[in-house]
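Position chain B relative to chain G; hints supplied.
2 protein chains.
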Amino acid sequence: MTHADVPAEAAAPAYLVLQHAADIAESLNQTSRDEALALLARLPVEHAIDVFDQPELERAADLLRGMPSERAAAILSGMASDRQVDLIRQARLGQRDALFKLVDAQTAASLRRLLAYRRDSAGSIMTTEFVSAPATASVAEVLQHIREIHHTRETIYPIYVLDPATGALMQTVSLRRLITCDPSDTILSLATGREPIVVSPSTDREEVARQISRHDLLAVPVVDEARHVLGIVTVDDVIDAIVAESTEDIQKFGGVAGVEGPYLQISFGQMIYKRAGWLCALFLSEMLTANAMQYFQSELEKAIVLTLFIPLIMSSGGNSGSQATSLLIRALALGQLRLRDWWRVALRELPTGVTLGAILGVIGMLRISVWQVFHFYDYGVHWQLIALTVGVGLVGIVTFGSMSGSMLPFVLKRLGFDPASASAPFVATLVDVTGLVIYFTVAMVILRGTLL
Amino acid sequence: MTHADVPAEAAAPAYLVLQHAADIAESLNQTSRDEALALLARLPVEHAIDVFDQPELERAADLLRGMPSERAAAILSGMASDRQVDLIRQARLGQRDALFKLVDAQTAASLRRLLAYRRDSAGSIMTTEFVSAPATASVAEVLQHIREIHHTRETIYPIYVLDPATGALMQTVSLRRLITCDPSDTILSLATGREPIVVSPSTDREEVARQISRHDLLAVPVVDEARHVLGIVTVDDVIDAIVAESTEDIQKFGGVAGVEGPYLQISFGQMIYKRAGWLCALFLSEMLTANAMQYFQSELEKAIVLTLFIPLIMSSGGNSGSQATSLLIRALALGQLRLRDWWRVALRELPTGVTLGAILGVIGMLRISVWQVFHFYDYGVHWQLIALTVGVGLVGIVTFGSMSGSMLPFVLKRLGFDPASASAPFVATLVDVTGLVIYFTVAMVILRGTLL
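Those protein sequence lines, which keep their order, are chains G and B. Going by the working numbering, 158 is the number at position 158 of the first sequence; the sequence numbering is gapless. For any residue, its number in the working numbering is found by taking its place in the second sequence, counting from 1, and adding 1000.
Only chain G is shown next, with the shape it has when bound in the complex:
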């Protein structure tokens, strides 16, 4: 006998019913499976549905399997369709069939359709429960319809007005308009006449988020070619999507390949796997620095003093590149810049890089002069030429860093990659190899006939 056999409503203590679903989900995440099941059994089924509708709830499929199947069926069937899809997607493949058996045949077929959409597309995050009405319906009729079906709808605030003949989307009307207008008006007469904002099932979630945020919508309809509404993406899903995207962007920028889930829950193997790939790729590219150094070995032997500034100069190129990349990644992601604007950016970064390089160059030359003049270190008789080499080298390398850091996101975008794949370590590696070549070339020009 489980708790669920007792009528749940009677057993549910007030303190549980009065808790927010998000808080209950968090408590469930922190207890053992058995305790979680015992707690869930004491919740009224409506409230349990709210808890399972929280994207934060972990082990959801597993918890459902631990319940009497009738109750599991009631909960799964009551959930919003986007969360049902989430839950099935997260379940192990072997568990999926058991989950499909919990819902009726029609729902199962609809879920299979939703599961077929590409991950992170509008189709994969939409819910199929929305309110629609034929254009000829009166406000009173639509309100009555909403009263009857609202329990099964995720949101009732946007109402999709359909062509009575074809079922195609004509207009969107808000509940707000409905309750403030004459009940005998037709619903179509309340519409603004503006072209409704829509997305297609294959639209990327980032673009969905941009549309919702741009037009301050509570939901955006997902339509097929014939403008039939397949589902809607609601603003709360979009927030989750935006947060997930920024996590991905920051991690990519740091040089980690898409790590999902809380830090402490990533297994050791996963952690190595996600980090070693990029680290090895960067390491192999960075090996070119060893080749560059070998190439300039005779110069190195003649003027070992040059090596002292290699880390300083190289890192400055990487830093200025990383700055430029972070600015450009965001500008491209926010749609402030398009691919064709690359030359405007290049025209800005060139003088910016030269100026920043000149500032660092002057500091660098001062540093060498101070050390020499105050006898902290002896750079030899040609110390002024060495200072000049460092100064000119910095101008060249910082300029090259800014230019390549700002152009890299454009190049990636042009090649069809996400501009956000331009990570700080990637830019640094790119700049390091070329930086060495610039430095030694400058040295050979300035120090020819003296040290070299």
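I should point out that these hints are in silico values taken from the structure, not numbers from a laboratory. Some hints could be false.
Stated by the list, open to error - To list a few chain G residues with every Cβ distance to chain B over 12 Å, as calculated: (1) 32; (2) 105; (3) 189; (4) 211; (5) 238; (6) 447.
Claimed, not checked - Lysine to aspartate or glutamate pairs mimicking EDC-like chemistry, simulated, CA-CA at most 16 Å apart: (7) B/1101 - B/1062; (8) G/101 - G/129; (9) B/1274 - B/1260; (10) B/1101 - B/1070; (11) B/1302 - G/301; (12) G/302 - B/1301.
These numbers come from a predicted model, not from an experiment. Here a beta-carbon is modelled for each residue, glycine too, at the ideal position from N, C-alpha and C.
Just chain B now, kept in the frame of chain G:
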């Protein structure tokens, strides 16, 4: 005579009225001030208000000043209070008084109060137009009230139920509940009884976003100590806030200090100013690498072959540090980790760093062996010891990189800074200096008696 003197409704062409406010705002941003004013003059005032309510509209204060003052007053008074505050905040100080004169004394006083809230706090992004009702009101009365005042409210979907005696917030009820319940019920009887989610005016917008997203709210009330509702923050403002925060986080991570506004609109001076600060700070710290190199100069002269691998080894430390930092910044920002979890993270990063270092170390030793065995380069008779130095050095440096990259965000948080201030260049600089010391120390142990 301006266009605005003609009754605007008559002059507004259908194609304009049928455009979305966000699209009109974008067109206005792309035209000259005079053209923008001419276009605005042809819009019905209600529609012009919608356009001014778009946070994306640039030069808003300036455009208002270009209009006949009666029309400017109508538009400014019709805007949502959060946008009014935005507009005044963005206006030059000298323009502010003129703007205050456009609204009535009560609104002006309320705006001055809102302006006093700290930037990025709930108080600074809230709107004061919301729907509230005393607990004793019936559903029918509340619906009637909404019909009367809805034109002046940003959202009417959450209704705040107040204690009739004290005016304190008791419960939140959704419009959804209202229209699906018996009109003779009291509004309080529709409430869930759950403690309403609230924030205080000083709550940071990041925390406001977290609450709205966690509880899937359309708005969250901002209350004072006596639980009087001062205003609400709506979900669309939160999306803007989340997007702004992630831009800030990526830029900080890239080593740029808070650049606001689209890339191409940042002036050259601003661009240098925002980037030169960090770049110089990093450059000055990185100068320690020159000191470290000078310190090991005798070793360098004896074994110049060691210098060949300095860029390779240093960059690996920086890269692994940057990976760890990006993971930890997000985990801390999303609340997955707390300050007291630092030791758990350290216990994960230590073996992760050793493993990653070992992987790179093996690749590095292979590289040296292959070059030596196939005569691509001659590292001398002690090439095996040099390979070992590089391998062991990499383990040490990558481990140190992972450890310091992961601990730095905790240290910053502990010191009261934003953990997201730990930029990739900052971590790289930190690791570079120590990396050199580790490398040369390893070399002195392994190569003592042979090369050194």
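Would you list, in rising numerical order, the hints stated earlier that this structure does not obey?
-> 4, 5 and 8
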